[in-house]
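K.L.:
Listed here are the chains, written in short residue letters.
2 protein chains.
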Amino acid sequence: MGLIVQKFGGTSVGSVERIRNVASKAVAEFKAGNQVVVAVSAMSGETNRLVGLVEDTSRSYSKREYDVVVSAGEQVSIGLLAMAIESLGYKARSYLGWQVRFLTDAVHSKARIREVEAFRIHRDLKEGCIVVVAGFQGIDPKGNITTLGRGGSDTSAVALAAALKADRCDIYTDVDGVYTTDPRMVPQARKMDRISYDEMLEMASLGAKVLQTRSVELAKKYSVPLRVLSSMEEGEGTMLTGEDETMEKVMVSAVAYNRDEAKITVLGVPDHPGVAAAIFGSLSDANIMVDMIIQNVSESGETDMTFTVPKGDYEQALSVLAGPVKEIGARTMKGNPEISKVSAIGVGMRSHTGVALKMFKALANDGINIQMISTSEIKVSVIIDEKYTELAVRSLHQAFELDKEVGDRVGG
Amino acid sequence: MGLIVQKFGGTSVGSVERIRNVASKAVAEFKAGNQVVVAVSAMSGETNRLVGLVEDTSRSYSKREYDVVVSAGEQVSIGLLAMAIESLGYKARSYLGWQVRFLTDAVHSKARIREVEAFRIHRDLKEGCIVVVAGFQGIDPKGNITTLGRGGSDTSAVALAAALKADRCDIYTDVDGVYTTDPRMVPQARKMDRISYDEMLEMASLGAKVLQTRSVELAKKYSVPLRVLSSMEEGEGTMLTGEDETMEKVMVSAVAYNRDEAKITVLGVPDHPGVAAAIFGSLSDANIMVDMIIQNVSESGETDMTFTVPKGDYEQALSVLAGPVKEIGARTMKGNPEISKVSAIGVGMRSHTGVALKMFKALANDGINIQMISTSEIKVSVIIDEKYTELAVRSLHQAFELDKEVGDRVGG
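For the record, the sequence lines run as chains S and D. Sequential numbering of the first sequence, starting at 0, is according to numbering that gives the first Met the number 0. Sequential numbering of the second sequence, starting at 0, is according to numbering that gives the first Met the number 0.
Any copy will do: because identical chains look the same in the list, a pair fits if it lies in one copy or spans two.
Subject to a maximum C-alpha distance of 27 Å in a straight line, what follows is the list of computed DSSO-like cross-link-like pairs (lysine-lysine):
hint: 1; residue 1: Lys-90; residue 2: Lys-141
hint: 2; residue 1: Lys-90; residue 2: Lys-62
hint: 3; residue 1: Lys-208; residue 2: Lys-403
hint: 4; residue 1: Lys-190; residue 2: Lys-403
hint: 5; residue 1: Lys-62; residue 2: Lys-24
hint: 6; residue 1: Lys-62; residue 2: Lys-30
To be clear, the hints were calculated from the coordinates, so they are not data collected in a lab.
Just chain S, same shape as in the assembly:
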C-alpha cells in the first residue's frame, strides 16, 4: 500500500465524459490498495476563456485580479471530479489552493510555491477519501490568490507529492511517455521506460513540452519518483528518476530540437573589457533571455560575437542593440531568425567521449552546416539552418541508434 499523487491536465478533464474517465483511474488506484490524491487543471479551453474575459475588460489589468479570475477554472473541475468519484461509490473531497494550503510568494501570475501544508489531506486519506486538489493556484502570505503560470499544475502535483512524501507522482498527459525524439518527426522514435531528471530538464528546456521545467526541478530536489503517462491509452509511461537508478548508462538517450531561437552576430567588436557587458546588459534590461553565446579568439584586436535569443524577441533585440553596438564601436550587426537548435542528450556523456564527433560526422554526411556549437555535461547542441531541422533530427536519431533497444545498440 502506497500513496500516489495523480495529475490530470486540462484535456484530460475537458468534458464530463473525460472527468468520469479520470474518476475511474483514481478509483482503480484506490482499489489497488493505495491512498490517492488527484491534482487537476481547469477544463481545457476554460483558462483561455477566462483570460479572454480579462483582456476584454481591461488592457492594463492588475495581476492580483487576473489571478482571482483565472483561478476560477480549477474550482469547477475539482468539484466535478469529486462528484464523479462519489458517483462510483467512493468517498471524495475537493480542495482549492487556499484550503490545502499551497503557500506561495506574492508574484501574481507566476508565483512560486514555498510550502505545502498537508495535514488536511493526510486526515482525509486516513478516513478513506480520495482527495482532489486544484492545481495551478495558491495563496500568498497576505491570503491573496496567486497562480503559478501556464503548466503550473505539474508543479502543484510534484510539490504535493513531496509534501505528502508520496511513493509516486503520476503525470497524465496526452502523450504516452517521453520519446527518444519527436515521433511526429521520426517514426522510429522509441518511448523510453526511464529517463533521469537531468536529461528531462535538458529536453524540456530544449522545447520538448511534456512537463513543465519547474516540476522536474522540484522532483529532482525532493527525489519524487515521477511518471509521465497517457490519460487516454493504457501503458506504463516513462519513469523519471535520479541518475543512480537509471538502468544503463547509455551515451545518448534522446535527440531534441528547438525552432524558437534566432541568431544575432555583432561584427568587428573591439576586443576590450566592458564590450560584452554593454551588449548583454542592454538585452537583460529589455528582459530578453540570451541562450548560446560564441566569441572567437581575437588576434587582430577585434572579434565577432554571436548569440541566440527567443525568436519572438528577435526584432526587439535588434532595436535594443542598435545603440550599444554603435557606442562600443563595432563595425556592424546582422541576424538570422531562420535557425534551429538540435541537441543530443544523455547522462552517459559524462563518462563517455566521442558524442560530439559522432554528431558532427552524421551532420556532415548529410551536408548540414553547423553554425554554432554549445556543450554541457549531458548535452551537445548545434545551431543549423532551420530548413534542415527534420533531416538533422532523423540523422542523429539513427546515428545514435535510438530506434533500437538500449542493449541492442552497437555504438557507445
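Given the structure of chain S, go ahead and fit chain D onto it with the hints provided.
P.N.:
What follows is chain D alone, placed relative to chain S:
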C-alpha cells in the same frame, strides 16, 4: 461622507460592457465622497451553466462539491469588476467569501450567514480602495465552501451592510423599484418611494420577486436602510425602512398575486382529534409546504377541510394523502391546481378597518367568486379561479386608488 454597499445581480454583470457600467456606478458613488463596497453575483447564465455541468456529472452529487463548483461564478465577476474599476483610475480589491470572511453554518447549497468579518474591508476602505465582494458564498466552521441558495447575493449584501454599519445598502436590479402591483398586469401601477420591511416581506412571500425574503428579514433585524433601484436606468428607486419612518400610514400599499399554489379539499372528514395531524403530518413528511388552511365549523359530525400547496407539489400531495384520507375515514378528496392568490398589503391595516369589506365588494362587482380567505395583520389574501387573476388585480388596484399619489386618495 458615508459608507454605501451596492449589490449588482447577474444581469447587471452579464457582459464585459455591463461590468464597465457597474464600475462607473461604483466610481460615481466614490467620487461623491463615500466609501464603497460592491457585492456581485456571477455573470448571468454562468451559475446555470455550472449547475448543468454538475447535473451532467452525477445524479446524486454531494452538496459540498456542488457548492465548490457553483461558487466559481462570482470569482470571475469580482475579478473583472475590480479590473474595470482600476481601468477607470481608481483603486479596487476583490474578495471571495472565504477571504472577507462570510462565516455560515454547514448547510450546503442553502447556508445561513452567522457572522461577517469586516476588518479587511475597513482596512482597504481606509486606504481609499473600492472593495468588491463575491455574493452568494461563504465558508462553514470547518473551512468548506458554502453557498446561500438562489438570490443569496441580496442577503450577502445586507449582511455586509449590517456588519460594516453601512449608511445604505443599494440593491441594483432589472426593475426601477417596488410597484403598487405588477406593472405588466396593471399599466397604472405606481412605483413606491418607500415601503416598510414588513410590507416588502409580505410581497416577496406572495411571489413579487424583487428581493430575496431573507435579505429583507435581515435588513429589518439590523435596521439596514435598503434601497431597490435599476442598474440600467437613472432613478431613486424604492427605499425600504422601518415602519416608523414611513411617511403616511396608508391602509393598502400594494396588491400582490401568486399563481404558484394549488388547492386540495378533503370532504367528509370525521370531526375528531388527530384527523388534522394525520393529513398535515403526511404532507410534512414529504416536505410539502402548506400555505392557507380552512376548516368549516362542523355541526353534522363531519367537516370539509381545504388547504393550498405549491403547484409543483400538487400531484405528489394527492398521492401522499391517499392513504391517510382513507385511514381517517374521510369520504373523498378533490383538488384544483387552477387557482391563484390575490392579496392586498399594507401596514395601515393594523389601525384601519374595512379593507376586507372593500376588497370583497370590488371582486363581487366584477363577478369574481372568492374560494378561500386568509388574513394577517398587514394583508388580506383571497383564493380565486386562476383565470380571473388579472381582472382581480386590476380591480383591487383601482378600488384602493393605488394609481394615485398617496395624498390624492379619497378612501383609506
